[in-house]
Amino acid sequence: MQWMAPMTAIYAAAVATPLLVLMYFLKLKRREQLISSTLLWKRAIQDLQVNAPFQRLRKNILLLLQLLALTAFLLALGRPVLQLQIGPGKRYVLLIDRSGSMNATDANGSRLDAAREQGRTIVQSLRSKVAFSLTEKSDQGMVIAFADQPKVMCNFTSDKRQLLRAIDAIEPTDGLSVLGEALRVARAFAQAPGEDTNDRSGESPAQLELFSDGRIRDATEIVVKPGELNYHKVGEGSDNVAVVAMQARRRFEDPQTVKVFATLVNYSPNEVLSDVQLSVDGDVRAVRPLRLPPSRPGDGQEQHHGTGSVVFEFSHPGAGIVEVRQLRKDLLGCDDAARTILQPPAKLNVLLVTEGNLALQSALKVCPLGSLNVRTPVQFDSMDPIDPDTAAPYDVIVLDNCSPAKLPRGRYLIFGSPPKNVGIEVGDEITNQVAVDWEARSPVLEFVDLSGVFVAKTRKMTLPRDADILCEFNNSPAISLLRRHGSPMLLVGFDVLESNWCFEPGFVMFCYNALSFLGTETASAQESSLRVSTPITIEGLSPDLPGKVIAPVEKSWDVRTDASGTLRFAGTNLTGLYSVHLEDCEPKVFAVNSLDIDESNITPVREIVFSGEMVKAQSGAPQRSNVELLPLLVLLVLVLVLLEWIVYNSKVKL
Amino acid sequence: MSETTQTSSPRRLTDLLDAGFLARLDALDILSRKILRGKMQGERRSKRRGQSVEFADHRPYTAGDDLRFVDWNIYARLDQLFLKLFLEEQDLTVHVIVDTSASMDYGNPPKQHAVKKLAAALTYIALVNNNRVTLSTFADGLVSQLPNMRGRNYLNRIAELLLTTESAGPSRFERAAREITASRIGTGVMIVLSDFLFKEGFESGLRRMVSRNYELYVIQMLSPQELSPELSGDLKLIDVEDDDVAEVTVSGALLEYYKRNMSAYCNELKDFCTRRGATYVLTDSGKPVEPLVLNYLRRRGLVG
Numbered sequence: 031m032q033w034m035a036p037m038t039a040i041y042a043a044a045v046a047t048p049l050l051v052l053m054y055f056l057k058l059k060r061r062e063q064l065i066s067s068t069l070l071w072k073r074a075i076q077d078l079q080v081n082a083p084f085q086r087l088r089k090n091i092l093l094l095l096q097l098l099a100l101t102a103f104l105l106a107l108g109r110p111v112l113q114l115q116i117g118p119g120k121r122y123v124l125l126i127d128r129s130g131s132m133n134a135t136d137a138n139g140s141r142l143d144a145a146r147e148q149g150r151t152i153v154q155s156l157r158s159k160v161a162f163s164l165t166e167k168s169d170q171g172m173v174i175a176f177a178d179q180p181k182v183m184c185n186f187t188s189d190k191r192q193l194l195r196a197i198d199a200i201e202p203t204d205g206l207s208v209l210g211e212a213l214r215v216a217r218a219f220a221q222a223p224g225e226d227t228n229d230r231s232g233e234s235p236a237q238l239e240l241f242s243d244g245r246i247r248d249a250t251e252i253v254v255k256p257g258e259l260n261y262h263k264v265g266e267g268s269d270n271v272a273v274v275a276m277q278a279r280r281r282f283e284d285p286q287t288v289k290v291f292a293t294l295v296n297y298s299p300n301e302v303l304s305d306v307q308l309s310v311d312g313d314v315r316a317v318r319p320l321r322l323p324p325s326r327p328g329d330g331q332e333q334h335h336g337t338g339s340v341v342f343e344f345s346h347p348g349a350g351i352v353e354v355r356q357l358r359k360d361l362l363g364c365d366d367a368a369r370t371i372l373q374p375p376a377k378l379n380v381l382l383v384t385e386g387n388l389a390l391q392s393a394l395k396v397c398p399l400g401s402l403n404v405r406t407p408v409q410f411d412s413m414d415p416i417d418p419d420t421a422a423p424y425d426v427i428v429l430d431n432c433s434p435a436k437l438p439r440g441r442y443l444i445f446g447s448p449p450k451n452v453g454i455e456v457g458d459e460i461t462n463q464v465a466v467d468w469e470a471r472s473p474v475l476e477f478v479d480l481s482g483v484f485v486a487k488t489r490k491m492t493l494p495r496d497a498d499i500l501c502e503f504n505n506s507p508a509i510s511l512l513r514r515h516g517s518p519m520l521l522v523g524f525d526v527l528e529s530n531w532c533f534e535p536g537f538v539m540f541c542y543n544a545l546s547f548l549g550t551e552t553a554s555a556q557e558s559s560l561r562v563s564t565p566i567t568i569e570g571l572s573p574d575l576p577g578k579v580i581a582p583v584e585k586s587w588d589v590r591t592d593a594s595g596t597l598r599f600a601g602t603n604l605t606g607l608y609s610v611h612l613e614d615c616e617p618k619v620f621a622v623n624s625l626d627i628d629e630s631n632i633t634p635v636r637e638i639v640f641s642g643e644m645v646k647a648q649s650g651a652p653q654r655s656n657v658e659l660l661p662l663l664v665l666l667v668l669v670l671v672l673l674e675w676i677v678y679n680s681k682v683k684l
Numbered sequence: 024m025s026e027t028t029q030t031s032s033p034r035r036l037t038d039l040l041d042a043g044f045l046a047r048l049d050a051l052d053i054l055s056r057k058i059l060r061g062k063m064q065g066e067r068r069s070k071r072r073g074q075s076v077e078f079a080d081h082r083p084y085t086a087g088d089d090l091r092f093v094d095w096n097i098y099a100r101l102d103q104l105f106l107k108l109f110l111e112e113q114d115l116t117v118h119v120i121v122d123t124s125a126s127m128d129y130g131n132p133p134k135q136h137a138v139k140k141l142a143a144a145l146t147y148i149a150l151v152n153n154n155r156v157t158l159s160t161f162a163d164g165l166v167s168q169l170p171n172m173r174g175r176n177y178l179n180r181i182a183e184l185l186l187t188t189e190s191a192g193p194s195r196f197e198r199a200a201r202e203i204t205a206s207r208i209g210t211g212v213m214i215v216l217s218d219f220l221f222k223e224g225f226e227s228g229l230r231r232m233v234s235r236n237y238e239l240y241v242i243q244m245l246s247p248q249e250l251s252p253e254l255s256g257d258l259k260l261i262d263v264e265d266d267d268v269a270e271v272t273v274s275g276a277l278l279e280y281y282k283r284n285m286s287a288y289c290n291e292l293k294d295f296c297t298r299r300g301a302t303y304v305l306t307d308s309g310k311p312v313e314p315l316v317l318n319y320l321r322r323r324g325l326v327g
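First to last, the protein sequences are chains A and B.
So for the first sequence, our numbering puts the first residue at 31; every next one is plus one.
So for the second sequence, our numbering puts the first residue at 24; every next one is plus one.
Bound conformation, chain B alone (with noise of 0.2 Å):
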């Protein structure tokens, strides 16, 4: 695997992810609580029977059924006809969305470093496991995207475009989301990595990603300033995005405000997500991201 990512381009994996790393997350695959449904047998086993060397159950023969799945031994002791259903292994679509906004590089360290480090970790995750992988970027808009990749081969393409891709412009949540769901195909796992702090609001855009065939995982990237800043004095505050201005002076009382309304602003996204059978997960960036794929990720169930 690590012979993968050291290809001749410039831009690789390891500048993000480092070999031991990489090395650990080879053991891990993308799951899915939901068996679900791919275009081409892969390594995933879905919920739906099919053709697959695992047995799963049986059930009574009806007119029209495939022949060859009816277990003979059944029939040759209790003379009926039942057929062999096996788990099918299918391929999982696994699309990671990244918040590419300005917005996304405020923090010490930038919020983004950790939203790329998780989007490539992720996105490895996936390809190793012959997952189709689509990897999205968006601010204003959806800004780029490598859609249906699969195989390690596309590791050098995710790396060059996380590399690449500064954090600019302003933040369109719905507008992103309306592009990206126009373009999905199939069903898998969509993992959206952003800090969420669009003023337009999270609702409709992620109204928009939670469907049927979707799992959908929300990670919310903070920076440490945004979860506990440690300013004072009087400011003008600037919004990176789009210059909006506050004028504060900041006090005691203040920043306990500002820390209820944040909280508050956390958990509102996750009631939202939890009532629709998403993931939510907030996340520090200026905590490392190997524990969070290795440890938090696995126990919330998005990797094993």
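Looking at chain A on its own, in the form it has when it is part of the complex (with noise of 0.2 Å):
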């Protein structure tokens, strides 16, 4: 036990104790009364003083019952605390994990719940401020939240309300753990003063103190130094099965026919059966039963999880919600089921700006178009369109290999050269080239393969900044993706007919992909299923329209649309499905799915393996140091009042 105001308690003592034995001394004020004799009185109270059990102790009894009140009042003052940590004011940054896997609920309530409650351990273990201390400072505490984003709950405070506020408003998400971007937040905050000008004062930097299930995506970029981060594991169990991939599709020779893909993974050691439902817009079409092997240890510290996959088939015409949800109970619910909607079919009247190109053209053909015209540049500059910017004819305007006088408003798949004015610089010619580096998990390149593309000539392009390279040549960007004029346009900078990509399968894929991307019906369903976190924007809107989007929590928020005509919505934290409701518009739904097959990984981490530090998971949740007993200690001095006036009634009273 340690004394957090010893000398407050001295000085107290030292007026108290003398006073009330002075006044215990002073006289009772006594009734004076006149008798015949005290001969007979006298030998009353010797009897009764004789007769009294543990008289002596009785006489008094009043003045120890006072001593001790007294006592363990003074006690409450010097201010006695157990598990004392010593030493200057400390700072704590309290780290705690948002994202889906800390909704497991193996941690007696969700794993959320348990890093709050240890979170708030930690901050009533924070010492106060000492009274009558002008040298001592008082423990500070910091609060930052994080999942795909970090957020702020609280800066560096020593009101322990507050933080224990800040604790409380921590609201679930289903996003990712990305802890590097909180870390830096946390240090920016945590940074001793004069860190910067290497001016160090005697104040140490915060101690950060992360409440996770150690399944950090970014942890291996993450450099910490020895000591300065101490993990509180959350969370024990590992028995999950998650949807980690889905896809609806209609046929390509049925459009009317849909085909589900989805893929399952069990996390458990256990092998696991269960049911996986697939329903449209809430009717259950289908349930399948898939067996999924158990989680096993690979080499090294890569572990092998039970992966199964199923396909669903079924007839729908319109549109819908198309849901896949495995309905075995496990710890983690948010990864269950994955959406998606459904467009109803639709074609798409494609336009080809071409001198001639019978590989583009015929690639073109085969895929499901309503209408594929020709022109050539010369007429399509002479086009005039109607209304270019609002009510264009087609929906995906493919130039090969031509600069247009004039762009109107619209989607374009370029090939080749590219059109003026959208600042992209055109430099030398370069030859044998190929392609080194892809996003294969972009939608345009879906099922596309690239490896093999050898292009034999074509020049350098510089990008704008806000440009998307899809694919890069050794030498320049191949495939890229950039907005201009509220047109998007996918850019292929070379002439396919100088590459063998014209004579690939994955050419004519990637220009079914591309024209589902531009078109209304692939664009408008990517769009529509999401990821956790990704925001959801509409286009092509009125500007300053208001709206309002309701999540799948029953919370709504008011939103409008920006000047160029845009909507842009972030709070996609929770997986289901969001609704945007806009003025003099239809409702749009958006499917917010986890689909991440680290997230839903649960199996806590015992120790983090960051870049060149390894952190071990503290033992134990963490207990409460610093415990005042200035609590006990008051009604300790209560209880003795109450006695001491027990005491003196029945003496009184005897």
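In case anyone wonders, no lab produced these hints; they're calculated from the structure.
Each hint should be verified, as a subset may be incorrect.
As the list claims (entries may be wrong) - Distance ranges between label pairs, derived from CB positions:
id, chain 1, residue 1, chain 2, residue 2, range
1, A, Gln76, B, Gly309, 27 to 35 Å
2, B, Arg230, A, Gln79, 27 to 35 Å
3, A, Leu92, B, Arg201, 43 to 51 Å
4, B, Ile208, A, Lys59, 53 to 61 Å
5, B, Arg235, A, Leu92, 56 to 64 Å
6, A, Leu92, B, Lys282, 48 to 56 Å
7, B, Asp49, A, Gln76, 44 to 52 Å
8, B, Lys282, A, Ile91, 53 to 61 Å
9, A, Leu662, B, Asp265, 48 to 56 Å
10, A, Ile91, B, Asp267, 22 to 30 Å
Said to hold, decoys possible - Heads up, simulated DSSO-like pairs for lysine-lysine below, C-alpha to C-alpha not over 27 Å straight-line:
id, chain 1, residue 1, chain 2, residue 2
11, A, Lys190, A, Lys120
12, A, Lys72, B, Lys140
13, B, Lys293, B, Lys282
14, A, Lys450, A, Lys490
15, A, Lys59, A, Lys289
16, B, Lys259, A, Lys72
17, A, Lys395, A, Lys289
18, A, Lys59, B, Lys259
19, B, Lys259, B, Lys140
20, A, Lys181, A, Lys490
21, A, Lys450, A, Lys181
22, B, Lys310, B, Lys293
23, B, Lys282, A, Lys59
Yeah, the Cβ is synthetic: ideal placement off N, Cα and C, and Gly gets one too.
Assembly of the complex is requested from the two constituent chains, each provided in isolation within its own frame, with the hints serving as guidance.
Right, dumping it as structure tokens:
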């Protein structure tokens, strides 16, 4: 036991104890009463004292009780503390993981609840400022909740109630565990004064306290100094079956038939038999049993999880919400289902502007298009679109190695040299290019193998900063996506006739993907199925249009489009269906899914391997230190005073 | 008798006792269980055979006997000399000793009122029966004394003494007893009226008063407040006689112990008296004196 204010207690004791004893020795003010003789009264007093049990003690029991009460009070003034962490005032940053895996219910409630509780223990253990002390500083705490993005719940403060409120205000998400950004924020707040200017003060940097299950996606990219971070592991179980991939596509030959592909993963060490249910607009269409092998350790630190796939096929001519759900009860619920928005079958009207490209024309012809018109660049320039900004006659315009004088608003797939005035600089000719890197997960390059693509000659291009490069040659970007004047442009930076790509089956797949991506059908479907924390974006709306977004947890937000007519909503933290209601528009539904093979792995990690530093989990939950005995002592004082009152009254009434 | 008390003296016995009570006292006399010898013939029949009209017994004549008491009728019948023995009527010394220490002024009503009434009644009875009466008051020793009074003429003096004597000063019973017994003469009845709450003890004083010639009556007068005190709270009890202080926190247990001690003390006094042939009477100053004299003391044989 340590004392936080011993001098206060000593000063008070020096004053109060002699005072109490002095007061005790001062005679009780008794009422004077004349009697005939004290003879018999004295005998009675003697008899009473002789016959009373513990009469010697009884004589002074009031003084004893008073002294005990005073002692307890003085001890309380000294603010005794159990398990005191001594030293100057410390600063703590509480990093609380609120990603999807923290919703697992294996810690007497959710893991987030357990993390909150452990955080509360740390907060309650913070030392408060010692009364009458000019030098001692109190401990300070800061609370950061993190998933995909960090959120500062409370800046450094010594107000425990504020810190506890901040911890209670942390809401769960179904997002990913990304710690790096949270650490950067924490360090920015936590660095000691003068650290930047190499003028270090005596104040030590803040201690980072991480409450997580250890499934940190970017752990290997984070550098942690030894002793900088304490890891408090939350959770024990690993029993989880998740839907990690799902796609619904209409059949190429028969657009009314929908095929749904889903991949499920078992993370538990036991084999699992799960029922997988397919429902459309809430109506169950099919339930299939699926046996998933157990998760087994592989070579090194890799873990081979039991994976299984299931394919459903059903007929559905209209639009709908398709949901795949595994029905087995497990620890994590947010990844048990995946949803997608099925658009009604639609045919695209495509305009090909070319001087003549048989390969491209053939590839486009095999795509399920409503119409394919071919124009020369001259014809394209002479076209007078009725109102090109609002009602494009073609869903997608394919430009093959031509630079039209003007580009009406639309969606463009551009092969070869890019159009002018879009910010692309075309440089010298380069030869013998091969694809070295590409975004295989991009919907444009889905099922497209670019490994064998060879380009004999092309021109080096320098793209504007806002362009997304989807594929790179060894010297120049090959395929990129950029937006200009509200028009998305998918740019293939080489002439396909100068490459062997047009002979590859992947070229047709790319054309199909590109048209689907740019066209209304796939574009809207793609935008309607989002990952957690991916913002909802709707373009081409009227500026400053009010609306409302309704979340799956019966929560709604008022939103408004910006000046360019784009609506952005970033609060997609939970899986489920989000509906956007805009004035004078049909409501739009967006499906937000977890679909992350790492985040669904809820097996807690005993040691997090950061870049160059391994941080082991603290043994056991944090124990409360700095337990002040003040309330107990105050209670003791009250009990003693009550006891004294009872003794006093019994003494009078005996 | 009422005329005797209605003298010109400003202090009269009727100030203490009402006329009706006095009239009833006229019929009483001080009795003695022993026939005690007095200095002169009075109205009391003593056990000593003497010159009197009341025949008691006969005894054979021995040489030297007064021939005037020979029963000649028996001599005529039996031819033997027998003396006629008569019960000699002797005067009785009634010594009433009244405690006038400060403690007698305690109580509601004060004990001294009852004690003075009782003393007046007893002395009245003794005087009207032509007994020799001595009235003494004591506190810190013998305070005052009216010795050897006989006849109704002394009633006013007695009333004067009783009414003018204030209760004051400490009790020195042993010293008072020594002084009283030193001046004691004759035989008779000695009646001590006091609360007997003597810190120095009552034993030595009473031991002096007990003698072959005097029949001792001990009348302990206690107030209701002493017998059953109604006190509560934190008190500083001050002794009225010596300012001795007892600080008490009055509780139920303390009152219980006080009452037990009071009872034990009275029993102790009673035992002491009984063992020495004295008669002990405990009275409550809150109760009227008349029934005490007319009934209780009569039953106890003091008056009859």
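Hints, one by one, checked against the model:
Distance hint for Gln76/A and Gly309/B: a CB-CB separation of about 28 Å, consistent with the stated range 27 to 35 Å. For Arg230/B and Gln79/A, the hinted distance range of 27 to 35 Å is satisfied, since their beta carbons lie about 32 Å from each other. Checked against the hint of 43 to 51 Å, the C-beta distance between Leu92/A and Arg201/B comes to roughly 48 Å, which is consistent with it. At roughly 55 Å, the beta carbons of Ile208/B and Lys59/A sit within the given window of 53 to 61 Å.
For Arg235/B paired with Leu92/A, a C-beta distance near 59 Å keeps the hint of 56 to 64 Å intact. In this structure the supplied range 48 to 56 Å is violated for Leu92/A paired with Lys282/B, their Cβ-Cβ distance being about 27 Å. Checked against the hint of 44 to 52 Å, the C-beta distance between Asp49/B and Gln76/A comes to roughly 50 Å, which is consistent with it. For Lys282/B and Ile91/A, the Cβ-Cβ distance of about 26 Å falls outside the hinted range of 53 to 61 Å, so the restraint is violated.
Distance hint check for Leu662/A and Asp265/B: the Cβ-Cβ separation is about 54 Å, which falls inside the suggested range of 48 to 56 Å. Checked against the given bound of 22 to 30 Å, the beta carbons of Ile91/A and Asp267/B, roughly 27 Å apart, stay inside it. With a C-alpha separation of about 14 Å, the suggested pair Lys190/A and Lys120/A falls inside the 27 Å cut-off, and the hint holds. The hinted pair formed by Lys72/A and Lys140/B fails the criterion: a straight-line CA distance of about 31 Å is larger than 27 Å.
Taking the CA atoms of Lys293/B and Lys282/B, the gap is about 16 Å. The hint holds against a cut of 27 Å. Using a Cα cut-off of 27 Å, the hinted pair Lys450/A and Lys490/A holds, with the two alpha carbons roughly 15 Å apart. Among the hinted pairs, Lys59/A with Lys289/A is inconsistent with the structure: their alpha-carbon atoms are about 100 Å apart, more than 27 Å. Straight-line distance between C-alpha atoms of Lys259/B and Lys72/A comes to about 12 Å, which keeps the hinted pair within the 27 Å bound.
As the CA atoms of Lys395/A and Lys289/A are separated by approximately 23 Å, the hinted pair is consistent with the 27 Å bound. Restraint check: the Cα-Cα separation between Lys59/A and Lys259/B comes to about 9 Å, which is no more than 27 Å; the hinted pair holds. For the given pair, Lys259/B sits about 32 Å from Lys140/B by alpha-carbon distance, which is inconsistent with the 27 Å threshold. With a C-alpha separation of about 42 Å, the suggested pairing of Lys181/A with Lys490/A is violated against the 27 Å cut-off.
Between Lys450/A and Lys181/A the CA atoms are separated by roughly 43 Å; this puts the pair beyond 27 Å, and the hint is violated. This hinted pair checks out: Lys310/B and Lys293/B have alpha carbons roughly 20 Å apart, not beyond 27 Å. As the CA atoms of Lys282/B and Lys59/A are separated by approximately 26 Å, the hinted pair is consistent with the 27 Å bound.
Violated hints, in rising order: 6, 8, 12, 15, 19, 20, 21; the structure is consistent with all others.
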